[in-house]
Amino acid sequence: MTPAALLHDALLVGAILFALGLVGILSRRNLIVMFLSAELMLQGISVSLVAWSRHHGDWGGHVLVIFVLTVAACEAALALVFVLQAFARTGRLDAAAWQALREGNLPRTVDRGLPAVDTLPPTFPRLTPAGVEPAADEDELLEREHV
Amino acid sequence: MTELLAGRTPGMTLFAAVVCAAASLWLLLPRGQGGRTERVSRWLGGLLGVAALVGLASTGRRLGGLGEESVFLVVSIVAVVSGAATVVCRSPVYAAIWFALALAGVAGVLLVLGAQFLGVATIVVYAGAILVMFLFVLMLAQPAGLAPYDRVSNEPLLSAVTGAVLLGLLTLAIGRMSAGPPICCRMPSKAAALAGTEPTTSPASAASDALAADHVARLGAELFGRHLLAVEAAGLLLLVALVGSIAIVSRGAADAGTAGGRAAT
Amino acid sequence: MPIDSPLTLLVLVPLLPLVAALVGVVFGRRLGGWAHLPAVAGIGASAAISLMLLAGTAERVKSASNDVDSATSVSVEGVTTLWQWATVDHPDLPAARPPAAVGSFSIPVALRLDPLTATMLSIITCVGLLVAIYSAGYMHGDPGYPRFFVLVSMFVFSMTMLVAASNFLLVYVFWEAVGACSYLLIGFWYTKPEAARAAKKAFLVNRVGDFGLAVATFLLWMTYGTLNFHDVTAADGTLLPGILGPARLHDAAGYVGGAVGAAICLLLLLAACGKSAQLPLHVWLPDAMEGPTPASALIHAATMVTAGVYLVARCAPIFVACPDALAAVSIVGATTALVAALIGTVQNDLKRVLAYSTISQLGYMFASLGTGTLLGFSAAIFHLVTHAFFKALLFLGAGSVMHSMGGVIDMRRFGGLRRIMPVTAATFLVGSLALAGVAPFAGFFSKDEILAALHGKGWPHAHAEHHEAGPAHHAAVGPAVLPATGFSAAGTAADFVSDTRVDAAAADSAAVVLDRPATWRVLFWMSLVTAGLTAFYTFRAVFMTFTGPTRVPDEAGHHAHESPLPMTGPLVVLAVASAVSGWWLFTTHALADFLAATPSFAAPAVAATAVPHAFHVDLAVQGTLAAAIGIVVAAFGHLGRRSDGPQLERFLGPLRTLFAEKFYFDPIYSGLIVKPLQALAYLAALIDRLVVDGLVDALARLPAGLGAIVRRLQSGLLQRYALAGALGTLLIVLALTWRMRS
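Residue numbers (the numbering used here), protein chains in the order written: chain V, 1 to 147; chain Z, 148 to 412; chain R, 413 to 1154.
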């Protein structure tokens, strides 16, 4: 395998990951998914860095990726704290919930009427009970209703 | 197969790949529809995505041996497909799972590139620590079922087109550069720079250096030798982030009690 | 001839009222009802010093005239330079006319003391003191009580500086300062719209005259290279002659005539017309009666309005060099006197009658000044002095009536007040007799001198014969202290003009236009008619106010009473002065001889016109006859029960409307000046609003419009911002790729 080809293909993979992450950041409304997309972009960058490092035989790319990991860990910690705070205030993980930053006389952006979700209860496999059915704890059922 | 698809006009192939990528992302992104429409667009988007991937892959170089090529192909496909699924998946929990898979793919690519330590570290740090943290947060904050904001996207078409065009441009640039790397991308070795002569060490020999048996030891020496100060700074950064998150959580808990829901406009 | 020690006292005269004003500003509120104390004390001390200076100057004049050869005229002058206000050295300064060699523009703050200044200072401070005492009673309880006394003190300071300044620029400064004080006092009750409007009108009309003074000052500087009145000895010992200094006065070619001289004189006349309310700038004075009556008495009757008379008298040598300008002064004065008297005959507002009377009497003074003879100048100042007394008296009397009548001043609404306020009635009667020119009272003598001066110009040969024939027709009352060089006013003036280096032919032709005996005869008859009219309207006012059945307007309530002592005291003092001052000053010639020692009047061109002091029996008879006719007609119309009837006005017919409408001066000015200016201002405002503002607004709307478009992007959705950022990055990457396409 030629080093140039490896570099090229690795860079391509990095670019694809970066572009996907960008699309996610720009379009997804869930704060958590936005952060996942950001991490995806970081992964793309890391692949590119390592590819260049390999190509040049220099350790700089590796070192940089290590720092990227470090910073990503810090960023994730702080970002998640902020997400939790935001959720505590709005009750939602919606990036569009923070619209108060808009110009005063602009109307609030609202989602168009969404079609109703299929409200059919999830179908679980019916197994023939073997042995004695344990007594279900009411509280636990409440907690785990959608699992 | 890639040569066949590349045809005689790689530019056209790339353009078609970009269009396919944009259309696929647009179709796959949540746009608030449901039922049949959603299912159709999911299938269509998946097909277009595969087409885009093939198109992009056709612009790539042929790797050397079959073994390495197939390994690289597999792990990169895993990374890319899982990354796409991370982005387009409605449920954040599934998105996180997909992201973990994407991390595995990326780790594989890193391993193919010879970065054993980084490949493992990515898995350990990301999948082991960061992703678990995300899942914890999701458990704390995610409501039952799909939230409305998970079923719609912000400007899906424009975002998809932006991402696809950026991807196309990057691919173009990468292709040109690897065809004839510009002078800025050549790295002269230190000895050669001192001697004022052309670099004698080829990239391949340098790569063999990176692939040496004592890879991790060399990386550690590099890290704690040349970049010691940066390591200390990174440690400080971690400490600050730790202290900061704790401080914000403890303060925010008091604030949320008083100002709960005030900013929920 | 410097007067050494009095010059320090001279500085105190303006300084004390200034200190009083400053004290009033700082402590006025705290003093409250005692706020008049600083003003009374300051102006009182100033008055005492002025009288001392007057006596000292008189002493100096007497000793000087004894010392020198009796064939030359005496001039007494003292100048003290406090500091140099501005000194500018510049090569572009105008070349001074020889013998003046002035290389720099220098404005010393110099005060002067000469007989004219001493007289004016005494009048200003004495009347000011009496008015301040009177105001303590009159203004009692007014919310602006401290402010009033600050303004009065400020006015006395400005006015004394005006008459003591020895520099045209300083004169201009304090000319404006007294105008400002006048404005503030007219608008004293500024919440009253009429008062505010009247103050504005007075200020604006005065600006026309001030413009004249400013341009005249420029011309004087361009012509003479200095603005000083007095001579200055430079550091290197050369003498820099001032405009009115002895060096220039005794220089036969010292003053320019012709076009430049006439322009200077006419501009000075314009300034004097503005300040002294002469035609055509008289319109502000009747409206100025909106101010407090004591202020009217002090400023708009006794002192400030005589500033114009003072200015012309001070500039006598300049005027004498231009006989046509002098004739213009007389024509303006006599016409004003007649027109104002005619308007005064039909006014029903007591203060307005007095205001028109003031205009008329000032017209007399100008007519007298315009004769250009020593007799004319001294008669004008004589009349100024007596007029200050009796007009202040009349105004204060009117104020007393107004005070008692609860602010009502319309003569038709009250009558027979002599029973309620005997002191006011008696003193008012004395003042009226003085104004009307009845024999032993002050106005009689001063008016007689003015008529004599005009008569002397109208019938020069008769006068010359009289004097040569000896005192057969004229009772020479005293010995002539100053030498008489024969009566040849016109000839002297003509000679003087031909001496100057300007176009003598033009000056002569100008002199032919106006300065002819026929002109002066007309002016004389106009003045005589005015004398009759003066007597008529004065006694019409007296009869309407004080005789007939006693009637009191409702506004007076139940407390219609004689005014308190602080008000009646000054009335009595002024009444005594009005009664005896004329007789005393005339028979002893104290004032005339004293004034003759003023440098401006001691100039050869003026002094040459001196005539022996004489009592003109024929003129006295004519004047008395005119006054008697006026009084009789007034009695016929308004005495006793007829006090409020329009009997006489019936006979006037359409003329009455003409008089009552004040010869339509206000509508004419409104139509010719105010309305077009308003239209222009409206047009300018329109252009400003539509074009200028429109342009600016359009420019302002441009970013606002752009912002309105851009701000729609500010949706508050973070991801849209991120999308915009990504698109921007994309553009940059596109551009880079485009450059790298090679």
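For the record, the hints were derived by calculation from the structure and aren't laboratory data.
Predicted, not measured: the structure shown is a model, and the values here were computed from it.
Errors might be hidden in some of the hints.
[Said to hold, decoys possible] Listed below are several chain Z residues computed to face chain R (Cβ distance under 7 Å; list not exhaustive):
hint: 1; residue: Gly193
hint: 2; residue: Gln263
hint: 3; residue: Val267
hint: 4; residue: Ile270
hint: 5; residue: Glu302
hint: 6; residue: Thr309
[Unchecked claim] Sample of chain Z residues at the chain V side, in silico, Cβ under 10 Å:
hint: 7; residue: Gly158
hint: 8; residue: Ala360
hint: 9; residue: Arg373
[Unchecked claim] Derived DEER-like restraints, expressed as beta-carbon distance ranges:
hint: 10; chain 1: V; residue 1: Gly60; chain 2: Z; residue 2: Asp361; range: 16 to 24 Å
hint: 11; chain 1: V; residue 1: Leu78; chain 2: Z; residue 2: Gly179; range: 41 to 49 Å
hint: 12; chain 1: Z; residue 1: Val363; chain 2: V; residue 2: Leu127; range: 14 to 22 Å
Cβ atoms here follow ideal geometry from the backbone N, Cα and C, with glycine treated the same way.
Going through the hints against the structure:
1. Gly193: 25 Å, violated
2. Gln263: The hint is violated - glutamine 263 (chain Z) has no Cβ within 7 Å of chain R, the shortest such distance being about 33 Å.
3. Val267: Violated - the Cβ of valine 267 (chain Z) stays beyond 7 Å from chain R, reaching only about 33 Å at its closest.
4. Ile270: This interface hint is violated because 29 Å lies over the 7 Å limit.
5. Glu302: 6 Å, holds
6. Thr309: Holds, about 5 Å.
7. Gly158: 16 Å, violated
8. Ala360: Status violated, d = 16 Å.
9. Arg373: 8 Å, holds
10. V:Gly60 to Z:Asp361: 16 to 24 Å: Holds: the Cβ-Cβ distance is about 18 Å, inside 16 to 24 Å.
11. V:Leu78 to Z:Gly179: 41 to 49 Å: Violated, at about 31 Å.
12. Z:Val363 to V:Leu127: 14 to 22 Å: Roughly 49 Å apart at Cβ, these two residues miss the hinted range, so it is violated.
Violated hints for the displayed structure, listed by number in ascending order: 1, 2, 3, 4, 7, 8, 11 and 12.
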